[in-house]
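Enquirer: Chains A and B, in that order, give the protein sequences. According to the working numbering, the first sequence is numbered sequentially starting from 1. According to the working numbering, the second sequence is numbered sequentially starting from 135.
FYI, nobody ran anything at the bench for these hints, they're computed from the structure. Every clue listed holds true.
No farther apart than 25 Å at their CA atoms in a straight line, the calculated lysine to any residue pairs in the SDA-like style are these:
| id | chain 1 | residue 1 | chain 2 | residue 2 |
| --- | --- | --- | --- | --- |
| 1 | B | K264 | A | L7 |
| 2 | B | K264 | A | E78 |
| 3 | B | K262 | B | R215 |
| 4 | A | K75 | B | E189 |
| 5 | B | K264 | A | E106 |
| 6 | A | K128 | B | Y234 |
| 7 | A | K51 | A | V15 |
| 8 | A | K120 | A | V67 |
| 9 | A | K10 | A | D111 |
| 10 | B | K258 | A | T77 |
| 11 | B | K204 | A | D54 |
| 12 | B | K191 | B | S213 |
| 13 | A | K75 | B | K279 |
| 14 | B | K281 | A | G76 |
| 15 | A | K51 | B | T188 |
| 16 | B | K258 | B | R215 |
| 17 | B | K264 | A | L109 |
| 18 | A | K108 | A | T95 |
| 19 | A | K10 | A | R89 |
| 20 | B | K279 | A | L82 |
| 21 | B | K243 | B | V224 |
| 22 | A | K108 | A | Y91 |
| 23 | B | K264 | A | I57 |
Here are the simulated distance ranges between beta carbons:
| id | chain 1 | residue 1 | chain 2 | residue 2 | range |
| --- | --- | --- | --- | --- | --- |
| 24 | A | E103 | B | V212 | 48 to 56 Å |
| 25 | B | G242 | A | T29 | 14 to 22 Å |
| 26 | B | K243 | A | D101 | 34 to 42 Å |
Heads up, the beta-carbon is just placed ideally off N, CA and C, and yes, glycines get one too.
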Amino acid sequence: MTESKELQVKDKQAVSTPAEQTRPGPVFTPVVDIFENDNEIRLLADMPGVKAEDLNIDLRDNILTIVGDVQPWEKGTETDLLIEFEIGRFYRQFTLAETIDQERIEAKLADGVLSLTLPKHAKATPRKITVATA
Amino acid sequence: MVISRDFFFPSWTRGSLFDELGRMQQQMMRLSEALQPRLFGHPTAGVFPAVNLTEDKEGYYLRAELPGVKPDALDIQVSGRNLSVSGERVIETEGDGVRYHRREREGGKFSRIIGLPTDIDAEKVTAKMKNGILTIHVPKAETAKPKQISVA
Numbered sequence: 001m002t003e004s005k006e007l008q009v010k011d012k013q014a015v016s017t018p019a020e021q022t023r024p025g026p027v028f029t030p031v032v033d034i035f036e037n038d039n040e041i042r043l044l045a046d047m048p049g050v051k052a053e054d055l056n057i058d059l060r061d062n063i064l065t066i067v068g069d070v071q072p073w074e075k076g077t078e079t080d081l082l083i084e085f086e087i088g089r090f091y092r093q094f095t096l097a098e099t100i101d102q103e104r105i106e107a108k109l110a111d112g113v114l115s116l117t118l119p120k121h122a123k124a125t126p127r128k129i130t131v132a133t134a
Numbered sequence: 135m136v137i138s139r140d141f142f143f144p145s146w147t148r149g150s151l152f153d154e155l156g157r158m159q160q161q162m163m164r165l166s167e168a169l170q171p172r173l174f175g176h177p178t179a180g181v182f183p184a185v186n187l188t189e190d191k192e193g194y195y196l197r198a199e200l201p202g203v204k205p206d207a208l209d210i211q212v213s214g215r216n217l218s219v220s221g222e223r224v225i226e227t228e229g230d231g232v233r234y235h236r237r238e239r240e241g242g243k244f245s246r247i248i249g250l251p252t253d254i255d256a257e258k259v260t261a262k263m264k265n266g267i268l269t270i271h272v273p274k275a276e277t278a279k280p281k282q283i284s285v286a
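Please build the complete structure, drawing on both the sequences and the hints.
Expert: Dropping the structure here:
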């Protein structure tokens with residue numbers, strides 16, 4: 001069922017200018033899966049190193065913004081021998097086509113993966129309309 | 135080899151022609167390097183997962199980003215100076231009636247061996263997984279630790 005291919009290294013995608021940056025340090029685009037069914041939109045984002053308290057999710061005017069900060073973990077006494085990836089802020093924005101019930105949004109962060117459930121408004125869920133024939 | 139070259143390229147152009155080809159090859163290499171800028175200018179081994187290796191006086195710290203990998207799906211082994219990390223990242227498939235808008239996260243198997251510069255204390259290697267970051271602490275062997283020499 002699950003494909004067991006070899007994983008390849010992918011460079012973390014750096015964002016050039018997400019907005020006016022006032023903080024130093026690189027900004028990366030997290031890779032995401034987004035899928036929807038009739039009732040909700042689900043979003044999974046890989047954000048390794050982000051703690052729950054450093055994660056910010058914002059939805060306004062149908063624009064969903066995800067920002068996660070990674071705190072540096074190295075102790076001051078460590079010297080670098082091999083650096084293959086950098087850490088920095090994760091940032092990504094999405095425009096949502098559907099109206100989302102903001103009250104019922106659920107976010108979960110486990111093992112560095114953010115899982116976001118965005119329930120659609122009741123009026124946006126498709127309803128089968130039967131046409132009565134006279 | 136020499137015969138065939140003489141056959142295809144008359145001797146009077148050979149020197150200048152190969153000089154010219156060499157120059158072109160160098161220019162092409164410079165061009166292709168310029169077209170593929172390394173993001174950070176860090177050389178990578180190109181093997182998943184990308185790791186950061188640091189050291190202090192006592193030992194080495196190996197860190198890798200492995201979001202969504204459960205600790206029991208990891209296999210970490212030490213032999214000699216080599217540290218091997220392998221495992222599998224499983225992306226759960228969703229049920230029917232689901233429409234995908236983005237599918238960027240990838241699952242699969244991985245295996246990597248990292249050679250450490252000095253002897254290590256294999257008995258005291260510890261590993262932990264937190265927020266999708268794997269940290270392996272590898273203490274150096276006593277013989278590999280720096281010794282402070284006091285001057286009398």
